[in-house]
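Student: These protein sequence lines are chains G and A, in that order.
Here the first sequence is numbered in my numbering, starting from 497 and rising by one per residue.
Here the second sequence is numbered in my numbering, starting from 497 and rising by one per residue.
Hints listed in this document are in silico derivations from the structure and should not be mistaken for laboratory results.
Ideal Cβ positions, reconstructed from N, Cα and C, are used throughout, including at glycine.
Hints are supplied without guarantee of correctness; some may be wrong.
Claimed, not checked - Simulated pairs of lysine-lysine, DSBU-like, Cα-Cα distance not exceeding 30 Å: (1) K538(A) - K611(G); (2) K557(A) - K573(A); (3) K548(G) - K533(A); (4) K533(A) - K611(A); (5) K611(G) - K674(G); (6) K557(A) - K674(G); (7) K548(G) - K548(A); (8) K611(A) - K624(A).
Stated by the list, open to error - In silico contact screen, one side only, chain A against chain G (beta carbon under 7 Å); selected entries: (9) R562; (10) H654; (11) C658; (12) G662; (13) Q665.
Stated by the list, open to error - Stretches of chain A that chain G covers, calculated by requiring three or more beta carbons in the stretch to come under 8 Å of a beta carbon on chain G: (14) 612-626; (15) 639-646; (16) 680-694.
2 protein chains.
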Amino acid sequence: MFVTKGEDTRASVLSAALSLASEEGLLGITIGGLADKVGMSKSGLFAHFSSKENLQVEILKAAIDRFVAQVVTPALKAKRGEPRLLALFERWLAWKDVLPGGCIFAVASVELDDKPCAARDVLVESQKDWIDTLAGAARIAIEEGHFRKNLDVEQLAHEVYCIGYGGLQVARLLRDPKANARARAALDRLVRDARRPH
Amino acid sequence: MFVTKGEDTRASVLSAALSLASEEGLLGITIGGLADKVGMSKSGLFAHFSSKENLQVEILKAAIDRFVAQVVTPALKAKRGEPRLLALFERWLAWKDVLPGGCIFAVASVELDDKPCAARDVLVESQKDWIDTLAGAARIAIEEGHFRKNLDVEQLAHEVYCIGYGGLQVARLLRDPKANARARAALDRLVRDARRPH
Numbered sequence: 497m498f499v500t501k502g503e504d505t506r507a508s509v510l511s512a513a514l515s516l517a518s519e520e521g522l523l524g525i526t527i528g529g530l531a532d533k534v535g536m537s538k539s540g541l542f543a544h545f546s547s548k549e550n551l552q553v554e555i556l557k558a559a560i561d562r563f564v565a566q567v568v569t570p571a572l573k574a575k576r577g578e579p580r581l582l583a584l585f586e587r588w589l590a591w592k593d594v595l596p597g598g599c600i601f602a603v604a605s606v607e608l609d610d611k612p613c614a615a616r617d618v619l620v621e622s623q624k625d626w627i628d629t630l631a632g633a634a635r636i637a638i639e640e641g642h643f644r645k646n647l648d649v650e651q652l653a654h655e656v657y658c659i660g661y662g663g664l665q666v667a668r669l670l671r672d673p674k675a676n677a678r679a680r681a682a683l684d685r686l687v688r689d690a691r692r693p694h
Numbered sequence: 497m498f499v500t501k502g503e504d505t506r507a508s509v510l511s512a513a514l515s516l517a518s519e520e521g522l523l524g525i526t527i528g529g530l531a532d533k534v535g536m537s538k539s540g541l542f543a544h545f546s547s548k549e550n551l552q553v554e555i556l557k558a559a560i561d562r563f564v565a566q567v568v569t570p571a572l573k574a575k576r577g578e579p580r581l582l583a584l585f586e587r588w589l590a591w592k593d594v595l596p597g598g599c600i601f602a603v604a605s606v607e608l609d610d611k612p613c614a615a616r617d618v619l620v621e622s623q624k625d626w627i628d629t630l631a632g633a634a635r636i637a638i639e640e641g642h643f644r645k646n647l648d649v650e651q652l653a654h655e656v657y658c659i660g661y662g663g664l665q666v667a668r669l670l671r672d673p674k675a676n677a678r679a680r681a682a683l684d685r686l687v688r689d690a691r692r693p694h
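Starting from the given sequences, assemble the full structure and let the hints guide the process.
Tutor: Have a look at this one:
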């Protein structure tokens, strides 16, 4: 792919902004503060992002691209069905260590949950997409005969989301070294239950 | 209980600060901003709280008192064992609607997870205490013969925490009207599994 210098700069600024937002919060990022961080002029950054609100949206879109590249795409190489669901989960466990301040979606969720704005819309879509991806993997596991036919895949996806999301919190706030092991044990129980005919 | 005017003022300022922190974040609260909100002088608030850092700690302590009063104490009236665990969970589901900005512990968790400070220590203790309370209820459920003897109560408490914590996120960010029903279904599956002999 041909990348112009402008696109290249834009991508590296967004990468720095994403790391910063994971630590300071999405709402804490200003074009001025980011300009200092990346050693560019404020007017130069305005030319790229036009407003703080647009910058927030672009940071989240960069985060989604990163999440897809680090979590979703590699997991799609796993065998269809249960193995792929497990691969998605395992990749997700590793995601919290990709950015210096942890999961940007968790950070932004707390900041934006009651603030209507364009960034909130992007965030909500991203989380619904992720839950749908988990539900889709479970649906394929039914087709492949790994999971029972009457499994409620929406409920299962919700529970996987909670195990991952809550586990991330236990790992980061409580620094519990068993957090990943507990998350895997919880998923294992869920998957065993999904296999069992009811 | 005899309450002096000073204690009364302090309690009502903390109550306002707690509501504000749930919406704006704990780190967003300043003594100046809070003074405007409650119509007191900045110097008057300094006399009560001495520093921003101490104010953050006092807000969290007020939140813990509120949590104990709204969630833990009423649930202790439920029958020992499984009914009490279910009552703790049900009260916790309602907790997210007590403050205008949702669960202050969830908000503060994301803000403080990688910021060492006195408020972080108080927050970590509070979350460990809550997980221990859930584990304790499960332990009593074993004694009462409701749950199987070889149940891993620490793992169960971790999973209940994730169901509640993740469900709170789904309710507040995704505005999923099924969030509470999904959380209850997840807990129900967990409890049925705790009963079954392995």
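Student: None of the hints should be skipped; say for each whether it holds.
Tutor: Hints and how they fare:
The straight-line distance between the Cα atoms of K538(A) and K611(G) is roughly 28 Å, inside the 30 Å bound, and the hint therefore holds. A hinted pair counts as satisfied when its Cα atoms are at most 30 Å apart, and K557(A) with K573(A) qualifies at roughly 23 Å. Only pairs whose Cα atoms come within 30 Å are accepted, and K548(G) paired with K533(A) is accepted, the gap being roughly 27 Å. Between the alpha carbons of K533(A) and K611(A) the distance comes to roughly 27 Å, so the proposed pair stays at or under 30 Å and holds.
Of the supplied pair hints, the one linking K611(G) and K674(G) is violated, its CA atoms being roughly 34 Å apart against a limit of 30 Å. Between the alpha carbons of K557(A) and K674(G) the distance comes to roughly 27 Å, so the proposed pair stays at or under 30 Å and holds. Note on K548(G) and K548(A): the hinted pairing holds, with a Cα-Cα distance of about 28 Å set against a maximum of 30 Å. For a cut-off of 30 Å, the pair hint linking K611(A) to K624(A) stands: about 18 Å separates their Cα positions.
A least Cβ separation of about 19 Å between R562(A) and chain G goes past the 7 Å threshold, and the interface hint is therefore violated. The interface hint given for H654(A) is met, as the beta carbon of that residue sits about 5 Å from the closest beta carbon of chain G, less than 7 Å. About 3 Å separates the beta-carbon of C658(A) from the nearest beta-carbon of chain G, less than 7 Å, and the hint is met. The criterion of a C-beta within 7 Å of any C-beta in chain G is met by G662(A), whose closest approach is roughly 3 Å, and the hint holds.
Contact between Q665(A) and chain G, as hinted, is supported at the beta carbon level, the nearest pair being about 6 Å apart and thus within 7 Å. Counting residues of the stretch 612-626 of chain A whose CB lies closer than 8 Å to any CB of chain G gives 4, so the stated coverage by that chain holds, three being the minimum. A count of 0 residues in the stretch 639-646 of chain A with a Cβ less than 8 Å from any Cβ of chain G is obtained; the coverage claim is therefore unmet, three being the minimum. With 4 residues bearing a CB less than 8 Å from a CB of chain G, the stretch 680-694 of chain A meets the requirement of three and the coverage assertion stands.
Checked against the numbered hints given earlier, this structure breaks hints 5, 9 and 15; the rest are met.
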